[in-house]
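The primary structure of each chain is shown beneath.
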Amino acid sequence: MKSDYLKKLPLKTKLSRFFMHWFLLTLVWFGFTNTFAAQEVLTGLIVTAMISFLSIRLFTCCDLRILSPGKILYMLQYIFVFLIALIKSNIDVAKRVLSPSLPINPGIVKFKTKLNKNFAKMVLANSITLTPGTLSIDIVDDTFYIHWIDVKTTDPEQAYKEIAEPFEKILLKIF
Amino acid sequence: MNYIIYFSLTIMILGLILAAIRFVKGPTAGDRTVALDTMTIIGVSGIVLSSYLFNRYIYLDVALVYGVLGFIGVIVIARYLEKAL
Amino acid sequence: MSILEIIGGILIITGSLFLFLGALGIYRMPDVYNRLQAGTKATTLGAMSLILGVGFLMPGWILKILIIIIFIAYSNPISSHALARAMHLRKRFMFFKNEEIDAYKEIDKNNNPEK
Chain A
1 MKSDYLKKLP LKTKLSRFFM HWFLLTLVWF GFTNTFAAQE VLTGLIVTAM
51 ISFLSIRLFT CCDLRILSPG KILYMLQYIF VFLIALIKSN IDVAKRVLSP
101 SLPINPGIVK FKTKLNKNFA KMVLANSITL TPGTLSIDIV DDTFYIHWID
151 VKTTDPEQAY KEIAEPFEKI LLKIF
Chain B
1001 MNYIIYFSLT IMILGLILAA IRFVKGPTAG DRTVALDTMT IIGVSGIVLS
1051 SYLFNRYIYL DVALVYGVLG FIGVIVIARY LEKAL
Chain C
2001 MSILEIIGGI LIITGSLFLF LGALGIYRMP DVYNRLQAGT KATTLGAMSL
2051 ILGVGFLMPG WILKILIIII FIAYSNPISS HALARAMHLR KRFMFFKNEE
2101 IDAYKEIDKN NNPEK
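Protein chains in written order, with our numbering: chain A, 1 to 175; chain B, 1001 to 1085; chain C, 2001 to 2115.
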């Protein structure tokens, strides 16, 4: 990524990213201070505005458009799907660890993704790591390399359907 | 309620001992780092539990900073093993 | 005991059991990737559920507890991902049950396009 990519962006995108960054940092500030007294809120707003102005170059994930109601609904759906998969994967791990014979058949498979934003790929990789029996090892352009604890298929299409489809459907609508 | 906390702390310390055995035994540096990561997470959870047990809000900050330091440590070790530091 | 305390206690016990299972998986699994699998998943849900349980017991702390939970859910997969990639680029031992399935072999460190 070039360092001067920021100059090529239109002003509208830059402002939109700045306000999104400010909003997120303010939420984190409220989490840290855990109070809503007036001076705390004022200090928080000033400090987070300064930080988001100085580090706008690093914030490339999203802008204000992500706060539209439809996308927030999809995000809630994503969190729901993700939590279900997380609980399933933990029951799966518990079964494998507690059974005396260690029923594993590991291997590394690959598949191609349709996402094109880096942040979306990162979210997908993190979700894959936390879903049943899979661990993302590397992302090269749009190919994911996945360590699978119980390999069912080595065909990329089949692996895509097994591992990534339920998450990617929703991520494509958000990003 | 305190007995539940003591019971959970006992189970977590058993897990900590298992991870420490892997930390000593682990054949490669990667195994040791995985064990270190697990021990960090168990430590963070233990600090949060003790913040409830002693009713100290400030311990949550300690847990958060310990989690951040453990994360950065694992990333640094991984980059070093990759010879890309 | 109120309903919040009961939920919190159940969450705390579940979390500590999953933390123990994660450590047991690290102890039992045969190679570093499978150890990462067990370690990452079980300890992530274990820590999240235990810390959320403390949040149910102490409702005034919920904001900072949510920050800790989000941080753990965000950082734990990233560190395991970095570690798995480093171990594979160093060509460490991998456990295979029947035949070798390794699609990542085609990537060499020297022609890795990210570098």
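Some hints here could point you the wrong way.
With a Cα cut of at most 30 Å, we get these calculated DSSO-like pairs of lysine-lysine [said to hold, decoys possible]:
1) A/114 x A/173
2) B/1083 x A/152
3) A/95 x B/1025
Derived from the structure by calculation, the hints contain no laboratory data.
Hint-by-hint comparison with the structure:
1. Between residue 114 of chain A and residue 173 of chain A the CA atoms are separated by roughly 12 Å; this keeps the pair inside 30 Å, and the hint holds.
2. Between residue 1083 of chain B and residue 152 of chain A, the direct Cα distance comes to roughly 33 Å. Violation of the 30 Å bound is thereby established for this hinted pair.
3. Using a Cα cut-off of 30 Å, the hinted pair residue 95 of chain A and residue 1025 of chain B holds, with the two alpha carbons roughly 25 Å apart.
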